[in-house]
Amino acid sequence: MEFDIKELLDGYVEEEIELRPRRSPRPERIEALVRAQLEGAGAPVSRPRPARRLLRALPVAALLACLLSVTAYAVSSLLSERVYTRSDTQGDVVLNLGTPESAEFQAAAEWERRLMELMESGENDGGSSDFPEGSREALYAQNGAFTQAARDALDEILDRYGLTMAARLARFQEPEELYALTGTAPFLPPLGALGRDPSSSEPQILRPAGTLYEGGSLEYACTALLSGDRTVPYELTLAANGSFIRGAGIFTRGDDFEEWTYTVPGGPELLLDLGESRAFVSARLEHGAVFLFVRCGTAPHDEDTDSGRVAAYSGFALLDRELLEELASSFDYAALDALCVFKCDPRVP
Amino acid sequence: MDDRQILSGLRVGDSGALSAAIERYTPYVSAVIANQLRRRGCREDLEELTANVFVALWEKRGSLRTERLRGWLGAVARNQARSFLRKNRLLTVSPEDVLLVSSDVAQKLLEKEEARRLLREAVEAMEPPDREIFLRFYYYEQSIPEIARDMKLKREAVKSRLRRGRDKLRARLEAGGFPYGV
Numbered sequence: 000m001e002f003d004i005k006e007l008l009d010g011y012v013e014e015e016i017e018l019r020p021r022r023s024p025r026p027e028r029i030e031a032l033v034r035a036q037l038e039g040a041g042a043p044v045s046r047p048r049p050a051r052r053l054l055r056a057l058p059v060a061a062l063l064a065c066l067l068s069v070t071a072y073a074v075s076s077l078l079s080e081r082v083y084t085r086s087d088t089q090g091d092v093v094l095n096l097g098t099p100e101s102a103e104f105q106a107a108a109e110w111e112r113r114l115m116e117l118m119e120s121g122e123n124d125g126g127s128s129d130f131p132e133g134s135r136e137a138l139y140a141q142n143g144a145f146t147q148a149a150r151d152a153l154d155e156i157l158d159r160y161g162l163t164m165a166a167r168l169a170r171f172q173e174p175e176e177l178y179a180l181t182g183t184a185p186f187l188p189p190l191g192a193l194g195r196d197p198s199s200s201e202p203q204i205l206r207p208a209g210t211l212y213e214g215g216s217l218e219y220a221c222t223a224l225l226s227g228d229r230t231v232p233y234e235l236t237l238a239a240n241g242s243f244i245r246g247a248g249i250f251t252r253g254d255d256f257e258e259w260t261y262t263v264p265g266g267p268e269l270l271l272d273l274g275e276s277r278a279f280v281s282a283r284l285e286h287g288a289v290f291l292f293v294r295c296g297t298a299p300h301d302e303d304t305d306s307g308r309v310a311a312y313s314g315f316a317l318l319d320r321e322l323l324e325e326l327a328s329s330f331d332y333a334a335l336d337a338l339c340v341f342k343c344d345p346r347v348p
Numbered sequence: 000m001d002d003r004q005i006l007s008g009l010r011v012g013d014s015g016a017l018s019a020a021i022e023r024y025t026p027y028v029s030a031v032i033a034n035q036l037r038r039r040g041c042r043e044d045l046e047e048l049t050a051n052v053f054v055a056l057w058e059k060r061g062s063l064r065t066e067r068l069r070g071w072l073g074a075v076a077r078n079q080a081r082s083f084l085r086k087n088r089l090l091t092v093s094p095e096d097v098l099l100v101s102s103d104v105a106q107k108l109l110e111k112e113e114a115r116r117l118l119r120e121a122v123e124a125m126e127p128p129d130r131e132i133f134l135r136f137y138y139y140e141q142s143i144p145e146i147a148r149d150m151k152l153k154r155e156a157v158k159s160r161l162r163r164g165r166d167k168l169r170a171r172l173e174a175g176g177f178p179y180g181v
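Protein sequence lines correspond, in order, to chains A and B. 0 is the number of the first residue of the first sequence in numbering that gives the first Met the number 0; add one for each residue after it. 0 is the number of the first residue of the second sequence in numbering that gives the first Met the number 0; add one for each residue after it.
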């Protein structure tokens with residue numbers, strides 16, 4: 000009887016040996032493939048999911064009308080304009096960039112649909128994936144374009160909408176790092192407690208993490224400490240006018256949203272949407288648009304879901320109108336607007 | 000993000016944690032797969048199999064019980080590559096990879112998990128350099144010249160230590176009731 004030593008090592012966990020990669024694919028390339036697979040399966044990955052082939056043939060207005068006619072996934076009126084596509088299991092997907100009529104939103108939605116076509120036809124395969132950091136090719140790769148055909152397609156969309164790709168300037172964790180990078184006074188609410196993993200004895204699970212882009216666009220996931228020591232987890236996306244970043248799609252999970260407008264004294268008019276498991280705040284600024292995705296809602300945390308379990312164990316607050324308005328009021332929108340015209344400080348690496 | 004933060008993020012469905020894992024471990028995962036494929040797959044196969052590992056990570060995030068992300072990814076990557084080779088009838092077994100046992104212990108060996116356990120114990124009992132050479136050869140499927148290059152050893156030294164590792168493995172398995180030979 001024979002046994003293969005290599006087969007007997009299946010499942011062996013090796014952790015110490017350093018392997019020297021020969022020619023590794025670029026992580027961005029792998030991430031694009033992973034997301035394509037997961038989104039194709041309807042998995043809840045926070046990236047825009049392109050419309051299906053049949054739906055792509057429909058004009059955008061007809062597509063939106065079609066989506067809105069599905070009452071099980073219906074969202075409130077103005078939020079519905081952000082609906083980008085639909086998931087069979089997670090509800091509508093809203094895009095977190097700009098405002099629905101803006102070039103930033105339209106271009107991002109169009110690019111994601113075009114990108115899926117390119118991937119399906121193989122036109123985004125086969126190009127080099129090994130680009131020097133800071134090169135033009137690396138910038139295209141950051142947005143998912145790996146071949147000349149894909150780069151040309153992205154260029155065509157960006158030219159049509161008058162947008163410029165924004166390079167990633169820096170990643171950061173604590174708000175203070177961001178303020179130091181941009182040379183600004185604090186403009187975010189105080190950082191709240193970090194989440195706790197119910198299956199771990201370690202106290203921290205959710206750490207703040209953000210990316211600053213050339214031109215002032217910004218992505219930041221963290222928590223806000225509000226009155227009564229209540230903690231609310233949120234993701235902020237600031238899209239500067241004229242800049243292109245890919246953004247993310249957010250599942251509405253079939254929530255019913257209560258929607259209203261609210262004006263911060265001396266600030267812009269905000270659109271607030273409050274659902275059972277999530278909430279959104281959005282506003283058009285003079286030099287860009289801000290979008291907040293709040294990772295909790297009005298319903299008790301559903302401990303049958305990963306995020307609900309963490310929310311419950313972490314003590315994240317349940318939202319009501321008052322608390323959502325308090326969160327929305329805790330940002331300095333003038334400072335966020337000023338960041339949208341941020342010029343790269345040469346000290347920024 | 001360190002591994003603990005990545006794993007915690009994955010468990011709560013944070014796609015940023017998946018991105019961090021991809022960014023950090025793509026070189027390692029693709030190296031594990033490339034070593035298995037050698038010339039039996041094209042670049043697209045390498046990319047697809049590498050992506051599959053991270054898809055598996057995301058899909059199993061709710062049930063991940065490991066705190067050792069690198070080891071988990073490496074094991075999955077190796078299995079993905081070997082499954083790919085098996086499926087495409089490209090998996091070959093050389094004589095020196097084979098453990099032969101007599102029929103009187105065959106019944107015991109049918110419990111493959113027992114053989115795996117003994118083999119792992121034998122590996123763990125090796126001296127560090129011998130263990131590394133053994134694992135580079137049998138687990139990561141590096142060639143002897145590659146092992147010599149990466150460990151800054153002469154090829155003959157790699158061969159002799161590999162032979163010594165096999166001898167120790169043989170002794171261990173025989174002690175556990177598994178005669179070993181080729």
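Treat the hints loosely; a few may be bogus.
Some chain A residues close to chain B (C-beta under 10 Å, calculated; not the full set) [to be verified]:
hint: 1; residue: V12
hint: 2; residue: E15
hint: 3; residue: E17
hint: 4; residue: R28
hint: 5; residue: A31
hint: 6; residue: A35
hint: 7; residue: L157
hint: 8; residue: A247
hint: 9; residue: E285
hint: 10; residue: H286
To give a feel for the contact side, a few chain A residues facing chain B, derived at Cβ under 10 Å [unchecked claim]:
hint: 11; residue: L7
hint: 12; residue: G10
hint: 13; residue: G133
hint: 14; residue: E136
hint: 15; residue: L138
hint: 16; residue: A220
hint: 17; residue: L224
hint: 18; residue: D228
hint: 19; residue: R229
Since the hints were derived computationally from the structure, they do not count as laboratory data. Just so it is clear, CB atoms sit at the ideal spot from N, CA and C, and this is done for glycine as well.
| Hint by hint, which ones does this structure get wrong, listed from lowest number up? | Numbers 7, 9, 10, 13, 14, 15, 17, 18, 19 - these are the hints that the structure violates, sorted from lowest upward.
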